[in-house]
Amino acid sequence: MLKRIIKKSLIAVLTVFAIVTVSFLMVRFMPGDTLIHLVGADRYYELLEDSPKQLEHIAELYGLNDPLWKQYLKYLKSIVTLDFGIAYSNHLPVLDNVLSCARWTLILSVPTFIIGGFLGAVAGVLAGWKPGGAFDRIMTPVMIFVNTVPTYCIGIIFLVVFAFKNGWFPVNGMTNGTSTGIARILDIMWHAALPLCLLVMFRTAGNFLLMKSNVSQVRSEEYVTTAYSKGLTEKKVLFRHVMKNAMVPYVTSLCMQLGSLLSGSMMLEVIFGWKGMGNLFYSAVNSRDYPTAQLCFMISAVCIVAGTLLSDIVISFIDPRVKDAIDEY
Amino acid sequence: MLELKNVSVEFISASSVRAVDGVSMVLRDGSRTAIVGETGSGKSILMLSIMRLLASNAAISGEILLDGEDILKADRKRLQQIRGGIISYVPQGGGASMNPLLKVGFQVGEPLMEHRGVSRREAEKKSIGLLKFFNLGDEERLAKSYPHTFSGGMRQRAMVAMGISAGARIILADEPTKGLDEKRVALVTDTFNRLKDETLLVVTHDMTFAQKVAQDICVMYASQQVEYGTASQIIGDPLHPYTRDMISAMPENGMKYDDRGFAPSHEEDVKGCRYSQRCHECMEKCSEMPPVADVNGHKVRCWKYAV
Ligand SMILES: Nc1ncnc2c1ncn2[C@@H]1O[C@H](COP(=O)(O)OP(=O)(O)OP(=O)(O)O)[C@@H](O)[C@H]1O
Ligand code: SF4
Ligand SMILES: [Mg+2]
Numbered sequence: 001m002l003k004r005i006i007k008k009s010l011i012a013v014l015t016v017f018a019i020v021t022v023s024f025l026m027v028r029f030m031p032g033d034t035l036i037h038l039v040g041a042d043r044y045y046e047l048l049e050d051s052p053k054q055l056e057h058i059a060e061l062y063g064l065n066d067p068l069w070k071q072y073l074k075y076l077k078s079i080v081t082l083d084f085g086i087a088y089s090n091h092l093p094v095l096d097n098v099l100s101c102a103r104w105t106l107i108l109s110v111p112t113f114i115i116g117g118f119l120g121a122v123a124g125v126l127a128g129w130k131p132g133g134a135f136d137r138i139m140t141p142v143m144i145f146v147n148t149v150p151t152y153c154i155g156i157i158f159l160v161v162f163a164f165k166n167g168w169f170p171v172n173g174m175t176n177g178t179s180t181g182i183a184r185i186l187d188i189m190w191h192a193a194l195p196l197c198l199l200v201m202f203r204t205a206g207n208f209l210l211m212k213s214n215v216s217q218v219r220s221e222e223y224v225t226t227a228y229s230k231g232l233t234e235k236k237v238l239f240r241h242v243m244k245n246a247m248v249p250y251v252t253s254l255c256m257q258l259g260s261l262l263s264g265s266m267m268l269e270v271i272f273g274w275k276g277m278g279n280l281f282y283s284a285v286n287s288r289d290y291p292t293a294q295l296c297f298m299i300s301a302v303c304i305v306a307g308t309l310l311s312d313i314v315i316s317f318i319d320p321r322v323k324d325a326i327d328e329y
Numbered sequence: 001m002l003e004l005k006n007v008s009v010e011f012i013s014a015s016s017v018r019a020v021d022g023v024s025m026v027l028r029d030g031s032r033t034a035i036v037g038e039t040g041s042g043k044s045i046l047m048l049s050i051m052r053l054l055a056s057n058a059a060i061s062g063e064i065l066l067d068g069e070d071i072l073k074a075d076r077k078r079l080q081q082i083r084g085g086i087i088s089y090v091p092q093g094g095g096a097s098m099n100p101l102l103k104v105g106f107q108v109g110e111p112l113m114e115h116r117g118v119s120r121r122e123a124e125k126k127s128i129g130l131l132k133f134f135n136l137g138d139e140e141r142l143a144k145s146y147p148h149t150f151s152g153g154m155r156q157r158a159m160v161a162m163g164i165s166a167g168a169r170i171i172l173a174d175e176p177t178k179g180l181d182e183k184r185v186a187l188v189t190d191t192f193n194r195l196k197d198e199t200l201l202v203v204t205h206d207m208t209f210a211q212k213v214a215q216d217i218c219v220m221y222a223s224q225q226v227e228y229g230t231a232s233q234i235i236g237d238p239l240h241p242y243t244r245d246m247i248s249a250m251p252e253n254g255m256k257y258d259d260r261g262f263a264p265s266h267e268e269d270v271k272g273c274r275y276s277q278r279c280h281e282c283m284e285k286c287s288e289m290p291p292v293a294d295v296n297g298h299k300v301r302c303w304k305y306a307v
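Going down the list, the sequences are from chains S and P.
Straight run, no breaks: the first sequence in this note's numbering ends on number 329.
Straight run, no breaks: the second sequence in this note's numbering ends on number 307.
What the hints contain is simulated information worked out from the structure, not anything from laboratory work.
The reader is advised that the hints may include incorrect statements.
Stated by the list, open to error - With a Cα cut of at most 30 Å, we get these calculated BS3-like pairs of lysine-lysine:
id, chain 1, residue 1, chain 2, residue 2
1, P, K178, S, K323
2, P, K77, S, K236
3, S, K8, P, K144
4, P, K103, S, K8
5, P, K271, P, K5
6, S, K235, P, K73
7, S, K236, P, K132
8, S, K235, P, K103
9, P, K103, S, K236
10, S, K244, P, K144
11, P, K103, S, K3
12, S, K236, P, K125
13, P, K126, S, K244
14, P, K132, S, K323
What the hints assert, rightly or not - Partner residues are not named here, just some residues of chain S that face chain P (Cβ under 8 Å, in silico):
id, residue
15, T225
16, G231
17, L232
Given the structure is predicted, the values throughout are model-derived calculations rather than measurements.
Quick reminder that beta carbons are idealized off the backbone N, C-alpha and C, glycines included.
Produce the complete structure using the sequences and hints provided.
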C-alpha cells in the first residue's frame with residue numbers, strides 16, 4: 001500500500017518535471033527571437049528602437065546567450081525560487097498577478113465544488129435508485145440539457161435576463177471597489193451570485209448524471225439481490241451496499257474536480273468580467289503575455305497531476321480490490 | 001413446508017416472456033430437492049420468485065405457500081422477515097454475488113444483525129464460527145478479508161454460511177457448483193450434507209451433484225417442469241425422453257450426447273410438446289401440449305404416459 005503510494009507520487013513528480021521542461025522548451029523553440037516572447041512584442045520593438053542596450057541587458061538576465069543546458073538550469077532555479085518573471089500587462093511579477101487571480105477563482109470554485117458535489121450526489125442517488133420514477137423523469141432531461149448546452153449560451157442568457165433587463169445583479173466585475181468590511185463581503189457575494197449559480201448548475205448536472213449512472217448500474221448488481229435476500233430494508237440496501245459502491249467512481253471524479261479548483265471557468269470568467277485564473281489565462285494568451293500564460297499552464301497541469309494522484313490514493317483506501325491490485329508499472 | 005402450486009412467471013415487456021410455466025412442487029420440512037435443467041429453462045427465475053426478488057416487470061401467478069401462508073400475497077414487511085430469517089437464498093457464487101467493498105465476515109453475519117438483533121461485532125464474531133463449520137481454514141483471517149481474495153469454492157461455502165447464519169429453515173441455492181472443479185464440488189456437496197434439519201432446494205446443471213445432495217428432483221425444460229419425482233425414480237427410472245437424454249449424458253454414463261439443437265426460444269411459438277424437436281420418440285400427438293401424467297407419484301409431462 002505505502003509502496004504503491006510512493007510509486008504513484010514519484011510518477012506524479014516526474015510528470016510535473018516533464019511539464020516544466022516542456023514549457024521551457026516551448027519558449028526557446030518558438031519561431032522568432034526568444035526575447036520577443038519573454039518581454040512581449042510591443043515592448044521588444046520599443047526597446048529595440050530606444051535602447052538596444054536594455055534589451056541586451058534583459059537577454060543577459062534570462063541567460064539567452066548561454067548554452068541551452070545552462071539556460072535550463074537557470075530556468076529550473078527560477079522556478080524553485082518562485083521567480084516566474086514579469087507580466088507584460090502591468091509589469092508586476094507574474095506570481096503576484098496569479099495569486100490575486102487565484103483568490104478570485106477560489107471564491108467561485110470552492111463553493112461550486114462543495115454545493116455541486118453535494119447536490120449532484122443527492123439528486124443522482126434519488127434518480128438512479130428509482131429509474132423511471134417521477135423524480136428521474138423530471139430531473140434527467142433537465143440535467144442532460146444543462147450539461148450539453150454550451151456554457152456561454154446560458155451565461156449570456158442569464159446576463160441579459162438578470163443583469164441587463166432586470167438589473168437584479170451587476171453586469172460585470174467582482175466589487176464596486178468602494179465598500180469595506182462586511183459591506184464589501186456582501187458586495188462580492190452579490191457580484192458572484194450569477195456566475196456562481198451557473199457554475200453550480202453545470203457542476204450539479206455533470207455530477208448528477210455520473211451519480212445516477214453509477215447508482216442505477218450498481219442497483220442491478222448481483223450483490224444487491226444478495227443484500228435484499230437477507231431481508232434488509234431498502235434503506236439499508238441503499239446505504240450499506242449500493243451507495244458505497246456507487247461512491248467509488250464519484251470520489252474519483254471529485255478528486256479530479258479538486259485538482260481543477262484553481263483553473264477557473266474561462267468562459268464564465270470572461271463573460272462576467274471576473275478576474276480569476278481563467279480570465280487571466282485568456283487575456284495572457286490574447287496579448288501574448290508569455291510568462292503569465294506559462295505559469296497558468298503550469299499551475300493547471302500540476303493541479304491535474306495532483307488531482308489524479310489524490311484520487312489514486314483515496315480510491316486505494318476505499319476499494320480493497322485496487323489496494324491489492326498488481327501494479328502495472 | 002413450502003408448497004409451489006402452479007407457479008408461472010411472465011416478464012411483461014414489448015413481447016412478454018413466460019420464463020416459468022406452471023411449476024408445482026412440495027418441499028416437506030427437512031427434504032432436499034434439486035432442480036435440474038439446461039440454461040434458460042427458468043430455474044433461477046423460479047427460485048427468485050420464491051424470494052420475491054424478481055424485476056418489477058415480472059408477473060408471478062399461482063401460489064407459493066410457506067406453511068400455508070401465500071408468499072405472493074405477503075407485504076414488504078413480512079417479506080423482509082421471511083427473507084434471510086425463514087427462507088434464505090444462496091446466490092450463484094460468481095465474483096459478483098458478494099459486495100466487493102465489505103468484509104466477508106460482515107456479509108456472512110449481516111442476516112444475524114437483521115433478524116436476531118445481534119450487534120455488528122457479535123455478528124462478525126459468530127460468522128467466524130460459521131466459516132469454521134464449513135471448514136474454510138484460517139477463518140479468523142478470512143472473516144476480515146474481502147471477497148475478491150476468495151477462490152470460487154471458498155466463496156461458495158462462505159455464501160452457504162451466509163445463508164444459514166440467521167437460522168433460516170429453508171435454503172435455496174442457485175447453482176452452487178457452477179465453475180468448480182471436482183474437488184471443490186465435493187467440498188460443496190459436503191457443505192450441504194452438513195445441513196441436517198434445513199429444507200433444501202438447489203438449482204444445478206449437474207445431475208451427479210443433484211443425485212448426491214437431493215432426495216427429490218425436478219427436471220425443467222423450456223420453462224416447464226417436465227418430470228418430478230424422487231432421485232431414485234429420476235435417476236434409476238427416468239420417464240421423460242429429455243431426462244433420459246440428460247442422464248445418458250452424465251459422465252459416468254459415458255457422456256453420450258447427441259446434439260439435436262437447443263430448447264425453443266421464447267420467441268418461437270411451439271404449440272405442442274416443447275421437447276418435440278429434439279425428442280426421438282416424437283409422435284403425431286406431440287404437436288399438442290402433453291398433460292402431466294402421474295406414474296406412481298412420479299410426475300411426467302409426456303404423451304407416452306398420458307392415459
Ligand atoms: N428481466 C427479464 N426480462 C425478460 N426475460 C427474462 C428476464 N430475466 C430472465 N428472463 C428470461 O427467463 C428465462 C429463464 O431464465 P433463468 O435465469 O431462470 O434461466 P436458468 O434456468 O437459471 O438458466 P442458467 O442455467 O443459465 O442460470 C431466460 O430465457 C431469460 O431470457
Ligand atoms: S410428448 Fe412426445 S415429443 Fe414430447 S417428450 Fe413425450 S414423446 Fe417426446
Ligand atoms: Mg440460473
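Less than 8 Å between beta-carbons is the criterion; does G231(S) satisfy it with respect to chain P? Hint on G231(S): holds, closest Cβ of chain P at ~4 Å, below 8 Å.
Check whether the Cα positions of K103(P) and K3(S) lie no farther apart than 30 Å. Measuring from Cα to Cα gives roughly 23 Å; hence the hint holds.
Please work out if K236(S) and K132(P) have their alpha carbons no farther apart than 30 Å. 28 Å, holds
K235(S) paired with K73(P) [C-alpha distance capped at 30 Å]: 22 Å, holds
Verify the proposed pairing of K126(P) with K244(S), using a straight-line Cα cut of 30 Å. Roughly 24 Å separates the two Cα atoms, so the pair holds.
Taking only the CA atoms, is the gap from K77(P) to K236(S) under or equal to 30 Å? Holds. K77(P) to K236(S) sits at ~14 Å (cutoff 30 Å).
Distance restraint between K236(S) and K125(P), which requires alpha-carbon spacing of 30 Å or less: 21 Å, holds
Holds or violated: K103(P) and K8(S), Cα atoms, limit 30 Å. 26 Å, holds
Going straight from one Cα to the other, do K132(P) and K323(S) come out at no more than 30 Å? Since the Cα atoms of K132(P) and K323(S) sit roughly 27 Å apart, the hinted pair holds (cutoff 30 Å).
Taken at face value, is the distance from the CA of K103(P) to the CA of K235(S) at most 30 Å? Roughly 20 Å between the alpha carbons, so the hint for K235(S) and K103(P) holds.
Holds or violated: are the alpha carbons of K244(S) and K144(P) at most 30 Å from each other? 18 Å, holds
Does the structure keep K103(P) and K236(S) at a Cα separation of 30 Å or less? 16 Å, holds
Of the numbered hints stated above, none is contradicted by the structure.
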